[in-house]
Amino acid sequence: VQEFRPVQLLVAEDNPEDLEILRRALARSGLACDLRVARDGQEAVALLLEDERAVPPPDLVVLDLNMPKLNGLEVLQRIRASGRIALLPVVMLTVSTRDEDVMESYRLGANTYLQKPAEFSQLVRLLEVLGEYWFSMAKRPSLAA
Amino acid sequence: MDAKPLRVLVIEDNPADARFIREMLREHKGIAFQVEEAGQLSSGLERLANAGADAVLIDLALPDSHGLDTFLRAQSAAPAVPFIVLTGLDDDAVATRAVHSGAQDYLTKGSIDSGALARSIRYAVERKQIEETLRQVVALLDRKNQELDTFTYSVSHDLKEPLRTLEAFSQFLLEDYSDRLDDQGRDYLTKLARASARMKRQIEDLSTLSRIGRQTEPLTRVGMSQIIAEIAEGMRALVEEQGGAIDVEDGLPDVLGDRLRVEQIFANLIGNALKFTSEPPHVQVTVRAVDGTAATFAIRDNGIGIDPQYHGRIFGVFQRLHRREDYDGTGAGLAIVKRAAEALDGRVWVESALGEGATFLVRLPLWQQAVEQPVQEAA
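Those protein sequence lines, which keep their order, are chains E and D. Residue 21 in this note's numbering is what sits at position 21 of the first sequence, and the numbering runs on without skipping anything. Residue 1271 in this note's numbering is what sits at position 271 of the second sequence, and the numbering runs on without skipping anything.
In case anyone wonders, no lab produced these hints; they're calculated from the structure. Misleading hints may appear alongside valid ones.
[Stated by the list, open to error] Restricting the straight-line Cα-Cα distance to at most 25 Å, the calculated cross-link-like pairs of lysine-lysine (BS3-like) are: (1) D:Lys1004 / D:Lys1128; (2) D:Lys1275 / D:Lys1200; (3) D:Lys1200 / E:Lys116; (4) D:Lys1128 / D:Lys1144; (5) D:Lys1160 / D:Lys1191; (6) D:Lys1160 / E:Lys116; (7) D:Lys1128 / D:Lys1109; (8) D:Lys1109 / D:Lys1029; (9) E:Lys69 / D:Lys1109.
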C-alpha cells in the first residue's frame, strides 16, 4: 500500500509560466503526486521548516536555483542544517549549466542536479524517470520502514 | 630628451669591462646616464627588484649563471625592463637567440664606442616603452573580447528561457485548441513554432560561437585520422541516404589543439560539403601541405560551389547565400569554424567557383612532442 501512495512533492519555483509547464508535464508523466508549491525560496523554507509540526514533510523537494529572497542553494543549505528533515531528498531543477552551480549543489548535499530540458517532451520524460527513481528508492527497506 | 638621467644597471662580473662601460656613458655628451653595477646575476636581480632601472646591460657569462639562461632568468624577473646583452667576440649565436627571446639589442664587448652604446640604450628604452604600450593595448583588447564572449554567452543563455516558455505554450495551444482553430489559425501556429525553433538554433549557435572563442582548454595532441573517421562515421547514414561518399587520406598528421574545436571545424566543413549539393556528394579530406610547424588540410566537395565575390562574406555570423527553402541552417557554421581555427592559432579559407565545387582549407599547428603545453595561459 505504501508504495502506491502518491509522492508528496514540494516544488519551489518563482516563475508562474515555468510552474504551469511543470504542472502539465507532471500530469503528462503519469507520476502520481500531490503537489505543493512554494513561490520563492523563503516560502519553501517556511513550508518546510516553520510549519514543521502542522504539515508532514514532503517525500521529495524540487528546487529552482534562481529564486528571489532565498535561492535554491540557500534553501538546500537550510534543509541540510535542519534536524528533522535533514535527509530529505532534494532535486535541483534549473536552467543553469554552470559547473560552479552543479558542484556547489552537490557540495551542499543535493541528491541530484537536473538541467531543465529545452523541450517539453524531455521534461515529461525527465519526470517519468524521476518518478521511477523515487519509487525504486521507496521500495528499499531502509526507506520503506 | 628630458633632463632626468637614464638609470642603467650593468650586470657584469669583469671589473674592467664594467669600468669601461661606465666611463663611456659618462663621456657621452647628449644623454645623462646614472650607472649602477652588479657583479652577479643574483645581486643584479635583487637590485633590479628593489630599485628598478630604465635599462639593463647584462653579460651572459656571470659567476652564478651562464649563457642564454642568464638573460631568460633576468627577463622573467623584470619583464618590463629593456635588456641589452653584452657578449664576447665569439658569442653571436647566443646573443641572437637572446634577441629572439626579447632582448632589445646585443653589443659585442671590445667593439663598442660611446655613441653606439648610448644610442643602443636610448633606443632600447624607447622600443620597450612602445612594446609595453602595445602589450597593454593587446591585453586590454583581449580582455574586452573575453568580456564580450562571456556577455554573448550569458545573453544567449538568458534568451533561451523565454523561448522555452514560448515553445511550450505554442505546443499546448496546438494540443488543446487545434480542433477549435481553422486552417489559417493552425498555419499561424505552425509558423510560430517554426520561427521559435529557428530562433533556438540561432541562440545555440551564438552560444557555441562565444564559447569557441574563449580558448581555455589545454592544447594537446589531436589525432586527425581518428577524429575525421569519427565524424565520417557519424554522418554515414546521411551520406548513404544521398548515395555519396567521404574519402579520407590515410595517415593525416596530428595537430596541436583541443578535440572540441578541431571537431567543430571539421564536422561543420564536412557537413557543409554534404549539404550544399544537388547530386550525390563526394567529399575528399586530404592534407595539402605540411611545413615545419603547421599542416594545411583540404576538404573538397563536388557541390554547387561559391562565387568568389562571396568568399569573404561566408565566414560572417548568420550569413547565408541561399534561401532557407533551398538549404536550411542558421548561417553560423562557418563563423564557428573560423573562430575555432583562430582560437587554435590556425586559419581557414576557401577556394571555389560557382558550379565547380568548393575546397575549404584549414591550417592548424602541427603536434610536436616539444611543443605540447600543459595549460594555455588564459589572458
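Here is what the structure says about each hint:
1. D:Lys1004 / D:Lys1128: With Cα atoms ~18 Å apart, lysine 1004 of chain D and lysine 1128 of chain D stay inside 25 Å; holds.
2. D:Lys1275 / D:Lys1200: holds (21 Å)
3. D:Lys1200 / E:Lys116: Given that 25 Å is the threshold and the Cα spacing comes to 15 Å, the pair holds.
4. D:Lys1128 / D:Lys1144: With a Cα-Cα distance of about 24 Å, the restraint between lysine 1128 of chain D and lysine 1144 of chain D holds, given a limit of 25 Å.
5. D:Lys1160 / D:Lys1191: holds (19 Å)
6. D:Lys1160 / E:Lys116: holds (11 Å)
7. D:Lys1128 / D:Lys1109: holds (23 Å)
8. D:Lys1109 / D:Lys1029: holds (21 Å)
9. E:Lys69 / D:Lys1109: violated (72 Å)
Violated hints amount to a single one, hint 9; each of the other numbered hints is respected by the structure.
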